[in-house]
Amino acid sequence: MSTFEFLLQGLVAAMEPMNLLYALIGVTLGTAVGVLPGIGPALTVALLLPVTYRLDPTGSLIMFAGIYYGGMYGGSTTSILLNTPGESASIVTALEGNKMARAGRGGPALATSAIGSFVAGLIATLLLAFLAPYVVQIAIKFGPREYFALMVLAFVTVSSAFGDSALRGLTALFVGLAFSVVGIDQLTGQTRLAFGVPDLLDGIEVTTMAVAMFAIGETLFIAAQGMRGPETVEAVKGSVWMNAQDWARSWKPWLRGTVIGFPIGAMPAGGAEIGTFLSYATEKRLTKHPEEFGNGAIEGVAGPEAANNASAAGTLVPLLTLGLPTTATAAIMLAGFQQYGLQPGPLLFATNPQLVWGLIASLLIANGMLLVLNLPLIGLWVKLLTIPKPWLYSGILVFATLGTIGANPSVFELGMLLTFGLLGYVMRVFGYPIAPVVVGLILGPLAEQQLRRALAISQGDVTYLFTSPIAAVLFVVAALAFIVPLILRIRGRGEVLSQMAANED
Amino acid sequence: MSLNHPTSTTKQRRPDWAALAIAVVLAVIAAVIFFDVARVKGAAGYSQVGPATVPEWIAFGLIGLAVWTAIEAFRGEFPVRDRQELGPIVWVVAGLIAQMLLLNRAGFSIATGVLFALVAAGFGRRKLWLTIPIGIILCLCIWLIFAGLLQLSLPAGPLEHLFL
Amino acid sequence: MIGTGGDPLSHNQKHRVQVTPTEDTALKPFFLASILAGAIALPAYSADYTIMAPAAPGGGWDQTARSLQTALQEEGISGNVQVVNVPGAGGTIGLAQFASQQKGNPNALIVGGYVMVGAILTNQAPVTLKDVTPIARLTGEYEAIVVPASSEIENIDQLVEALKKDPGSVSWAGGSAGGTDHIAVGLLAKAAGVDPTKINYIAYSGGGEALAAILGSQVTAGVSSYGEFQSQIEAGTLRLLAVSSDERLEGVDAPTLKEAGYDVVLQNWRMVAAPAGLSEEQEAAIQADIKKLVESETWQETLETKNWADTYLAGDEFQEQLAKDIASTEQILKDIGLVK
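Residue numbers (the working numbering), protein chains in the order written: chain A, 1 to 505; chain B, 1001 to 1164; chain C, 2001 to 2340.
Hints in this document: simulated from the structure, not taken from any laboratory.
Among the hints, erroneous ones may be present.
Simulated restraints, written as ranges between beta carbons of each label pair [what the hints assert, rightly or not]:
| no. | chain 1 | residue 1 | chain 2 | residue 2 | range |
| --- | --- | --- | --- | --- | --- |
| 1 | A | GLY379 | B | LYS1127 | 30 to 38 Å |
| 2 | A | LYS252 | C | ASP2048 | 21 to 29 Å |
| 3 | A | GLY460 | B | CYS1141 | 37 to 45 Å |
| 4 | A | ALA244 | B | GLY1124 | 37 to 45 Å |
| 5 | C | ASP2048 | B | CYS1141 | 22 to 30 Å |
| 6 | C | ASP2048 | A | LEU380 | 37 to 45 Å |
A virtual CB, placed ideally from N, CA and C, is assigned to each residue, including glycine.
Just chain A, same shape as in the assembly (with noise of 0.2 Å):
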C-alpha cells in the first residue's frame, strides 16, 4: 500500500462515531488538565495515560493523541486570559495575548491562537507524514557546534526584542542566566549556587519562574495599587470573534510559525519553546504595526502559537522514524506505545506501517476536534474576565499554587513561587521587562551545555565551532541579525527600530 493509502485508511477508521467520541472526550480531560499552570502536556500525558490502556489501540490512540493536543492548547488558554503561562511554551503567548485580553479582545486572541494552532498541527502533521525520512537526516547532522550556534542565534534576535530600555532588558536577561546556573551541572556534576539545599539541586523550575513571575508578580502589582483600578475588565469590545483585519494579519504570522516551529522541533535538542522565541521575534521585525507589539498584537499570538503546535509534530520526526524521544513528552508517548506492542525505532514505519498512520491520523482527528470544542467555548471563557478583580485574582493564585502543588507537592516550591512572585512585583514597579528573565532561564543553560560539548569533543579546539558548514551559516546569520540594526541606526533610522522595541509591559 502507498503512503497516502495507508493515510486514508487510518482516517477512515478514526472517522468512526466511538472514535470520535474518544478524541473529543481525550480533548476535554486534556484541555482539564493542561489548563493547570505548571503542569505542561507531557505532565498531562503522564497523568492520564492508564485511563486509555483500556481501550481497544486504535481508540486509545485517538484518545492519547486528544489529550497531548487537549493538554498544549490548555496551556495556551490560561496564559491568554490569566497571564499564567501553563508551560515554557506559551510563556512567549501570555506577552501579547494577555495584553489582548486585558484590552477586550481575548476572543480574537483565543480565536487566532486556537486557528493558528490547528493550521500550523495540519501542515506539520502532513509534513510528519510525507517527509520525515528527508528531515530526519538533516536533523541528525546537529551537533553540539550547530546547537551552539542556534542558541546564539536565538540570543540574538530574542534579548533585540525586549524592553524599551537596553539597560533594563539586559539586566533582566542576566539576572535569569544567573538564575539558570543554580543546580546540578549537567556535564559534571558539581552543584553550582545550590548552597547545600536539597531541593535546589535540579535547578530552578521554568514553569515555577514563569508562574511566579507572570500570575503572582502581577496580582501583586494590581493589588498594590489599591482601588484605583476599575473593578472589572471590559471583558469584549468590538467583536468577540476574529474581524477581517484579524484574519488578514493573522494567517502570514501561522505559515511563518509553521514554518519555523516543525525543524526546530524535529531537531533532537532543539525544544519547543525555542521556536516560541524566534517566531516572536521574526513577528516583531516584520510586523506592520510595530507601536502594537507590547500593547496586544495579534501576531504576537499568532505566530508563537503556530510554531508551538508545529515544532509538537515535529517532535514526532525523530520519534517515529529513529524512535529517539527528545522531549519529555515524547519519552512518555514512548511509554505509551509500547502499551501496544509498538516499539519505535527506525523500523516501525516498515514493520507497522498500521499504527504508525494510525497515529497520525489521530494526530488529524484530534487536532480538528480540538478546534470543534474550543471555537465555541471563546465566548465563555472570555466571560471569566468579567469576574471582580477579588474573586479572579484570587481565582488565579489559588490556580498557579494548584499546578504548581499538582506538579511537586512540596513547600519549596511553594517558598519559591513566593519569592519570584515578590521579585517579578519589584520589577515591575521599577519598569524592568519581565520576559527576558524568563528566556535567560531557558536559553542559558542550553547553550552553555552544547558550548562546553563541543568543546571537549574538540579537546579544546575552538576553531571546530566554526568548521562546520551548518553552524557557520547560523552563526553569520546571529551576526547579521547583530550588525543590520546597528547600521541602519547610524543611518538615522534608530528611531524605528526603538520604537519597535516598545516595553511589553
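Start from chain A and add chains B and C according to the hints.
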C-alpha cells in the same frame, strides 16, 4: 546608550536611592556567584570552558550592569514610580505563606481556601468569616475533580479524608 | 531480554476472577463512569499501600510504581494503592522525605534504584539507603556500549585500544555525569588500565539526545542501557560492542565485558523499599506481598510489555548485593573524581 522615553524620565538632583540599591543587589549576586563557583574550578575535563566559566561570564556581566545602573541612578534616569500600597501586598503574601504552612498539615482544601480568602481581602473583601468557608468549599470541589477524577496528587487533610 | 523467574501459577487465574466488582465492571467501556464509580466505592477500602515514586510522572521509577499499583490491585494483594510523586535530585529528595515521614509505617513503600546509590554519593545526601528497609530488587537493565554503524571500530578491543592510546580522542555519549552510564565508562577504563579521570565523557540530558549524538557520529561511542539502543542495533544503524551483564544476554549478539577480559558487571536495577523501624513480622508481611506480586501473572505480563528483565532478588541476598554495589560505586566515583 539608554533608550528611555523622555516622558518617563525626570531629572532629579539627588540620586535615586532605590535604583542604587538595585545596583548593589546586582553586585552582590555577582559576588555570590564568584564565591560559590570558586569551588568547582578544577573540574573542567577536556573543554577549557568548565563549570565555573559561564557563571563567571554572567557575574562579569552583572557587575557591568551594576555600574551602569548606578550611573543612571545618580543621573536620576530611572522611570517615575507610582505610589505603591503596602496593605494589600501584605494580605496576598500572608495568604501564600498561610498556604505553605497549612498545606501538609490541614490538606489542600483548607490551605488553599485560606489563600483564596486572604487574597480577596487584599483586594478589599474583608469578610473573612464568609470568604474562608467559601474558599474551602471551592477548593474541596477542585480537589475532588483534580485529585479524585484526574489522579493528580494533591495533599489530603482531614476534610479530604472524609471523601477518601 | 532475560525472562527468568516467576512461573505463572495456575491459582493466579482465580485471583484474576476475584477482582472486586467495582474494578471489573467499572473500567470496561466508559472510563469516566468507571472513575466516578471508583471514587464512590473508595471509602469501602482502607489505603493498603502508599507507594512513593521519587521522580516526576512518566519516568522509569514512576512507571515502576504505577505498574506495582496496578498489579497489587488487580491481583487482590492490596485493596487500594496510592502513588505519590516526589521528584528531585536523583530521588534523594523523595528518599529523605520518605525516611523521615514514614518511619515505622508498614503501609508505605518507596521505589528506587541504582541511580539513587550514585546520587546519594554525588549529592552528599544526608539520608541514605541505610535509613530505609530494602525489600527486593524487581527489575534491571544492563549497560551496552555501541558505536555508529559507520565507525571504523569493529569490536570492544579496538575501542579500548584507542582509549589507551589517547583517552581524550575517544568521546563517550551517555546520561548525566555521575550516572550509571558514566560509571560504566569509568569502570571499563579502570579495568583496561586507563586513568578514569582522563575519560572524555559527554553528558546528555535524556536517552534520546545522547542517541541522536551517536547516530549523527558526533561522538566516538555511546553508553546506555541496552533497551535504549535495541531497536537501532536491530536496524543496523548502531554496532553493539559489549554489554555489562554477568552472562551473555539471550538473543543479544555481543560479548559481555567480562568475556572480553574487562572485569565489569553493572546492572541498573530498580527496587522497592519499606521505611525503617518495622517489626520483623511487618517486614515479613511486606516481603510476602512482594513475592506474591512478582510471581503473579499481571506482573509478569507487565515485565513483558515494558521489556523489563525480571531480576527479582529479595531479603538478605539483596541486602548483600546492595552493600557491594554501594561500596564499588563509591570507589569508582572517587576514581573518576566526582566524589572526594
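_List of violated hint numbers, smallest to largest_ = 2 and 3
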